[in-house]
Amino acid sequence: MAEFKYEITERIAVLSENNKGWTKELNKVSWNDRAPKYDLRDWHHEDGKMGKGATLTDDEIRNLKEVLNAIEL
Numbered sequence: 014m015a016e017f018k019y020e021i022t023e024r025i026a027v028l029s030e031n032n033k034g035w036t037k038e039l040n041k042v043s044w045n046d047r048a049p050k051y052d053l054r055d056w057h058h059e060d061g062k063m064g065k066g067a068t069l070t071d072d073e074i075r076n077l078k079e080v081l082n083a084i085e086l
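Each number in this note's numbering corresponds to the 1-based position in the sequence shown with 13 added.
Hints listed in this document are in silico derivations from the structure and should not be mistaken for laboratory results.
Among the clues, some could well be false.
As the list claims (entries may be wrong) - Derived lysine-lysine pairs resembling DSBU-like cross-links, with alpha carbons at most 30 Å apart:
1) K33 to K18
2) K18 to K41
3) K62 to K37
4) K37 to K18
5) K33 to K65
6) K50 to K37
7) K78 to K65
8) K18 to K78
9) K18 to K50
10) K41 to K65
11) K62 to K78
12) K62 to K18
13) K65 to K37
14) K50 to K62
15) K78 to K41
16) K78 to K50
17) K33 to K62
18) K78 to K37
19) K50 to K65
20) K41 to K62
Based on the provided sequences and hints, a complete structural model is requested.
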């Protein structure tokens, strides 16, 4: 498997935490020294582990914000 590196450049929000210490977070993350993107995924920082997630560009996060603002909760 190819090696990769990441850096959390901005911690935006912890959305939830489960009883095993995993948190679902929205952050800005730089993957392999590229420009940071918005990143939504599960993290277990104490163990240095991450779950599957989604990365979003600035345009995608703006579109998502518009969609979420239009939803009645």
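Comparing the hints with the structure gives:
1. Of the pairs offered as hints, the one joining K33 and K18 holds, with about 25 Å between alpha carbons and a cut-off of 30 Å not exceeded.
2. For a cut-off of 30 Å, the pair hint linking K18 to K41 stands: about 14 Å separates their Cα positions.
3. For the given pair, K62 sits about 12 Å from K37 by alpha-carbon distance, which is consistent with the 30 Å threshold.
4. Under the criterion of a C-alpha separation no larger than 30 Å, the hint pairing K37 with K18 is consistent with the structure, at around 20 Å.
5. In summary, the hint linking K33 to K65 is supported, as the alpha carbons are separated by about 17 Å, within the 30 Å threshold.
6. A distance of roughly 16 Å separates the Cα atoms of K50 and K37; the hinted pair therefore holds under the 30 Å criterion.
7. With a CA separation close to 21 Å, the supplied pair K78 and K65 stays within the 30 Å bound.
8. The hinted pair formed by K18 and K78 meets the criterion: a straight-line CA distance of about 28 Å does not exceed 30 Å.
9. Restraint check: the Cα-Cα separation between K18 and K50 comes to about 14 Å, which is no more than 30 Å; the hinted pair holds.
10. Annotation: proposed proximity of K41 to K65 holds, straight-line Cα distance about 15 Å (limit 30 Å).
11. Restraint check for K62 and K78: the C-alpha separation of about 28 Å stays at or below 30 Å, so the hint holds.
12. For the suggested pair K62 and K18, the alpha carbons sit about 13 Å apart, so the restraint of at most 30 Å is met.
13. Between the alpha carbons of K65 and K37 the distance comes to roughly 11 Å, so the proposed pair stays at or under 30 Å and holds.
14. With a C-alpha separation of about 19 Å, the suggested pairing of K50 with K62 holds against the 30 Å cut-off.
15. Between the alpha carbons of K78 and K41 the distance comes to roughly 16 Å, so the proposed pair stays at or under 30 Å and holds.
16. Simply put, K78 and K50 have alpha-carbon atoms about 15 Å apart, close enough for the 30 Å limit, and the pair holds.
17. For the proposed pair K33 and K62, the alpha carbon gap of about 12 Å is at most 30 Å, so the pair holds.
18. Using a Cα cut-off of 30 Å, the hinted pair K78 and K37 holds, with the two alpha carbons roughly 18 Å apart.
19. Annotation: proposed proximity of K50 to K65 holds, straight-line Cα distance about 15 Å (limit 30 Å).
20. Note on K41 and K62: the hinted pairing holds, with a Cα-Cα distance of about 17 Å set against a maximum of 30 Å.
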